[in-house]
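**Q** Could you build the full structure based on these sequences and the hints that come with them?
So the sequence lines, in the order shown, correspond to chains A and B. Per the numbering used here, the first sequence starts with residue 32, numbered consecutively. Per the numbering used here, the second sequence starts with residue -4, numbered consecutively.
It is worth saying that the hints were derived from the structure and are not from the lab. Glycine is no exception: its CB is placed at the ideal position from the N, C-alpha and C atoms. The reader is advised that the hints may include incorrect statements.
[As the list claims (entries may be wrong)] Simulated restraints, written as ranges between beta carbons of each label pair:
hint	chain 1	residue 1	chain 2	residue 2	range
1	A	46	B	369	43 to 49 Å
2	A	71	B	291	35 to 41 Å
3	B	104	A	123	28 to 34 Å
[Claimed, not checked] Output of the computed footprint for chain B on chain A, the stretches with three or more beta carbons under 8 Å from beta carbons of chain B:
hint	stretch
4	42 to 53
5	131 to 140
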Amino acid sequence: MARILVADDSETILLLLRTRLEMERHEVATATDGQEVIDKVDASSPPDILLLDAMMPCKSGIDALRELRAAGIETPVLIVSAHTEGGNGADHADLAINGYVSKPIDFDQLFAKIAELTNG
Amino acid sequence: MIGVARFLQQRQDYENATARSYQREIVARNRLAQGTHPTAARAAVISQQHQRQALRDEISSETRDTALLVGAGLIAGLTGAALLFTGLISSMRRPLEDLVDASGRLAGGDLDARVKIGGLSETATLGSAFNEMAEELQRRAGERDQLDRMKDEFVLTASHELRSPLTSVQGFAELLLLERENLSPKQAETVEVILDNTRHLVRLLNDLLDLARSDAGRLTIRPEQTGATGLIEDAVRTMRAQLDARGQQLSLEIEPDLPQIEADRDRIRQVLVNLLTNANEYCPQGANIGVKAHRAGAEVEIDVIDDGPGIPEQQLEHIFERFSRGDAGETQRVGGTGLGLAISKSLIELHGGTIGAESTPGGGSTFRIRLPMVIPERVEAI
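**A** Written out as structure tokens, the structure is:
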């Protein structure tokens, strides 16, 4: 079981992710944009994993991650992207991204990645 | 009747007489020409002597002065012309050289190429015409680039916007099937239809997106060291259900100890799945499909083989081109965009590899991929 903060600007997709992750007995918190992600990450007890949509209005997942990393938060992160490659093809090597998940989501693959990050 | 006979006889006599006189005339003319006609020959000799004498007199008395004048004029004229030409050439050469140079640069894609206007009015006109043309070319190229960017941007945005609802549809349909025990068989079947069609839509969307990326030079790969065997088995596993659904046999022959290769796992799997999907869809029920892989020097060779209907020769040479499809009847049944193989080719080439096909109508098809174990330093952007 892991504590996961999930961010996506679509309520439907948040509902889908929450349902599937809770069925796998994870504890899920949600956010609908990058600012909410920053607000919800408590530096003293950050979540085990961040699952961030790369493209969200106002503040994207990438922008939020950049701020969190600058604040010294090293929580593992998976970027969910509508494109088959993450973050518009850019690598963001400086942001220590642990993996990319493309939409539509292959849940078996997602669960495997989460297991890998929480066990390692 | 008698009248007619006489008329004919008279006419015959007349014609004979005419022919005889004509023959005489020809003989006389020939003699004259050869100078053998006695009277004519004499006359000709006398006439020539007279003419020569007359000509000599004329030249000596009048023309000598004129010739001198003409000669002097000619020399002066030539000198002037030479001077004028030297001036002309030097004032034309520079602008013309500039034009040649600028044309070369323009043809080479340097749309900033312009010439300095100067020299004679003709070369100046030529120069400004060239500059106007270059200006127009640059303006149009700018418009085209902007349209291209807008198109790429549109495809990327549309793909993103379509992907979110598709993610929901596919995700919730899968969620329903996870609770299959609560569904009636009819309901479960309905959800499966929704899922199948959603996956098909996603495939179309991915093809269009790859095509747009390829056009924009943004089709990229993320290579990593990966076991070739696992990669092939992975693709085959993805396809197993679809092959079973058509009762097709799949045989897998992978050489033991196939090496690691430098490859983008997702992209190579995409290519293999594309080849297997084609085999699955174009081959009849119960067909035999095989995947063979072995090492060939510094490359790994992967064959996808089927014993299906084969590809006619005239189609075979075009199958890796965009929108190339099987014949109309097949196409209607199979669906797809006709982009799969074109994208597969681009992806394999990004890995520094090759893809080709062999087929005999009625005798099945073989698609062969060759992937280098290490991607060469510089692979041209596709």
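**Q** Now look at each hint and say whether the structure bears it out.
**A** Now for the hints, and whether the structure bears them out:
{"no.": "1", "hint": "46/A / 369/B: 43 to 49 Å", "result": "holds (45 Å)"}
{"no.": "2", "hint": "71/A / 291/B: 35 to 41 Å", "result": "violated (54 Å)"}
{"no.": "3", "hint": "104/B / 123/A: 28 to 34 Å", "result": "holds (33 Å)"}
{"no.": "4", "hint": "42 to 53", "result": "holds (count 5)"}
{"no.": "5", "hint": "131 to 140", "result": "holds (count 4)"}
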